[in-house]
Amino acid sequence: MFDKSRIRNFSIIAHIDHGKSTLADRLLEVGGVKEKSDSDTPALDFMPVEREHGITVKAQSATFEYRSKDGNTYLLNLIDTPGHIDFNYEVRRALKACEGVILLVDATQGVQAQTITNFLLAMEEGLEILPVINKIDLPNANIEATKEEIEKELGIPADDAILISAKNGTGIEELVEAIIARIPPPKGDVNLPLKALVFDSFYDNYKGVVAKIRVFDGVVKPGDEILFMGGQKKYKVEELGYMALKFIKKEELGAGEVGYLIGNIKSISDFTVGDTITLSSNPTKEPLPGYREPKPMVFACIFPTENQDFNDLKEVMMKLKLTDASIVFEPVNSISLGMGFKCGFLGLLHMQIVMERLETEFGVSVISTIPTVKYKVNLKNGEVVYVENPLEMPDPTKIDSIEEPYALVTIIVPETYIGDVMELMQNKRAIQKSMSYIDSKRVEIKYEMPLSEVIYGFFDNLKSATSGYASMDYEFIGYRESDIVKLDILVNGKPVDALSFLVHRDQAVYKGRELVRKLQKLIPRHLFPIAIQAAIGSKVIAREDIAPLRKDVTAKCYGGDVTRKRKLLEKQKEGKKKLKMIGNVSIPQEAFVEVMKINQ
Amino acid sequence: MKGIYIHIPFCSKKCIYCDFTVFDTNNRFLEELFKEYTDLVCVEIDLRFQEILNNKDFKTLYIGGGTPSFIGVENLLRILDKIFLYVPFSQFEEITIEANPEDVSLDFVKRIKEMGISRVSLGIQSMSEKALEKLSRRNTPQINRTALENLANVGFDNINVDLIFDVPQVPLEDVINSLDVVLQYNVVKHVSAYGLTVEEFTPLKLFVDRGIIKYGSSFEEQFIAIHEYLTSRGFRHYEISNYAIPGYESKHNLLYWRRQEYLGIGVSACGFVRRGDSSEKRYQNVLSINAYRDMLFRGELPVRYEEFLTRNEAFDELVMLGLRTSEGIDLEQVRTFVDDERYNIFLAKANNFISQGFLELCDRKLIPTLKGWIIHNSLVFELTS
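From first to last, the protein sequence lines stand for chains A and B.
FYI, in our numbering the residues of the first sequence are 276 to 875.
FYI, in our numbering the residues of the second sequence are 3 to 387.
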């Protein structure tokens, strides 16, 4: 067990792209965990999807030792946090395991919306905050202005902010010394009963369920019988140790330490991140205060492309839940798509990442319905129902009114882009609430707007409207009455429930036409004509037709062609697995993906 | 019944739509090349027949390409003589050679007639100057006529002509006119009418992709028109692209579609052989002349790959090939390939196609209709998946 006074548990928090993952790499190099390399791919971004999106989705952690100038060796636990606004929940979880944070600010961009959000999260947790200014090597770095912003926006002193360039390694040693000097060592008592927090978990193909834990009090060893206090499940500890891009086995983990734990945990459904672990022979009295429940903002149903794969999907969703506690789901049955899951996501990016992980990491092919927010439906009989799925929409004749969720959106943007932002917001049903200068060049604008407008790619739109200069954050502020209609898509007269969505009446015709046009391009020709219609109730608002196949024949097939043609046939059959049959029409998976994008 | 296929992979110029293994030959030492290739083919014939105990079933011989006529009569004669060492001439029911009209001189025709060739497949492609130009062919309508006349004069009475239709910017009347001209020669007993296919990795594909050739297919219209024309003149439409006066169907090509055995000899040639009751093997020879030479010199069969078919693969082939012909597929045979459950699914799908007019059930056989042929790939895909 390591001397508690020489342990430092910390996270890096930052606005997206401010250099968090690069800094993490430098720290691991200083700590000897990672070889210095020329690769630009950060070591902590483990998942393929993360590489693709260039952002960190899952909190990873790594432990390393560092010999300080004071002659002592310290144990540093870096807990990486995701950077996108969809993932505040994961940030919060990581912070629970720390005593302090590095607040990383890009010297060329200054304080941004998520700098503030993350800062507030760290303050809430009562953590020591170490301001660090990154990218000082860039010609357009403005260190003085950045310091000023930190003081003005966040209200913390920035004189002693540490100046670094994570890219070329400037100031890294100084930063590590500052972590040791300024972030307090963990409190806690090894003599008290075990109290440890599961702050993350994942599934390792060789080791099974791996929990990442932070021990607050007591000691845990292999062979101990541990109790998950929330789930009231008992397991035997099989192995534990530090994570340093690999498993480093240890004899025990004691108060203040961060590491991994593997038990004989068979059923992954018994297991929740955020739970408190104690010893069943000598339990602690009080569990740690629970996490705040993640609030799903976006809902969609997902279905396996082949009905019989439902059980595979179920298994995979359980595994996914292990590494992504923020996803919520329950079984659902669709007329056109069969058994699937209704899922709640933190945001649209979160949803995209889940979809990609299902495909790339878990190898299951899924299609999703159009993502939607949660609508509040007031019925004529006085009842109130919440609808997260167009399938659940009550009969229109019974509906008195529909309310949709609204968000308060805060945008920080250089003043030269105010016009562009306002133009964008006009199409988003947004109401401007305030506008104020936060320094001589930048403006903070607040809008109230429907949450549905925020989740459907709004962040990307905002980025492109402002050449990437705007930053934003949003919070849910309540429900407001709205003219919402259900748009149905009919394929050869048959409604495809998985393609229907809820939309404001003003946008229904435009979106219906757009969607029908896209489907016409994506659905292959069949042996019979296909009509694709968009309808509100019984009123058709858009229609496109797909003409039947006119030629699908190979002119020559002689002795030399047989094998080749048979292989083509096999390939075609492989491709069929990616098609979903709606009645007798096969619809490619891409169609469902395209439909998701229609709302952007 | 079994067949022998011999591949001659040379053309004076490769056509823009062709994706067969064919070598452009602007080589100055053509004579030597053709002679050497003929030697190699003869070596392969020896190797192949050393393995075969019973030669009695070989009834058809087909020399294709490429352009077999291009390598000259002497070389062809040597190949035939070699074959006749193993399979006596009198045993063959059909010996076909493919020829390009520009090679079919009176002398050539006389010589191949003497050799014992009974059937000539002539690559005339079209009688329209415009179409021949579009296809960048070397023959002209006049060359085509001369070739047909030469063949008729020497006494060939079983001629096939290859025609290509659905050529960009060539109207239906040009296609029908080509048929009119061709059928003036009553020795033409067989017509292969191919819809132009834009194959991958061909210059044509490049031209179409880049918009140099505008290609809006009128396949269906021309396919039906050709069918009407030829069937009204006594031809039987017995395979998607093949028509014959009854009795003059290509015996060799029917082997392919009926999944009967054939040896493939020559660069890139394919073969299909059975061992015992159940083992079915398909093979293909190597694709380059160098590899072909090297392997034969080492005394090895010049095989690039061989595969033994699984039941599922054999079933796929049965459906794919059977539905190409007017013979269709025998339901009893289908039953031997699949279990009851799959058989019932197959029947249900077939019934659905029957009700849509793509198939007909006749004497326990599933026969494709004209409408069904047009979407042959879809039928096969549905029935086998």
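The set of hints was computed from the structure by calculation and includes no laboratory data.
There may be inaccurate statements among the hints.
What the hints assert, rightly or not - Covered stretches of chain A (chain B as the covering partner; in silico rule of three or more C-beta atoms under 8 Å from a C-beta of chain B):
id : region
1  : 787 to 796
2  : 839 to 846
What the hints assert, rightly or not - Computed cross-link-like contacts, DSS-like style, restricted to lysine-lysine with a CA-CA straight-line distance of at most 27 Å:
id : chain 1 : residue 1 : chain 2 : residue 2
3  : B       : K216      : A       : K826
4  : B       : K84       : A       : K842
5  : B       : K58       : A       : K840
Everything numeric in this text was worked out from a predicted model, so none of it was measured.
Cβ atoms here follow ideal geometry from the backbone N, Cα and C, with glycine treated the same way.
Indices of hints not satisfied (ascending): Violated hints (numbers, rising): 1, 4, 5; every other hint is consistent with the structure.
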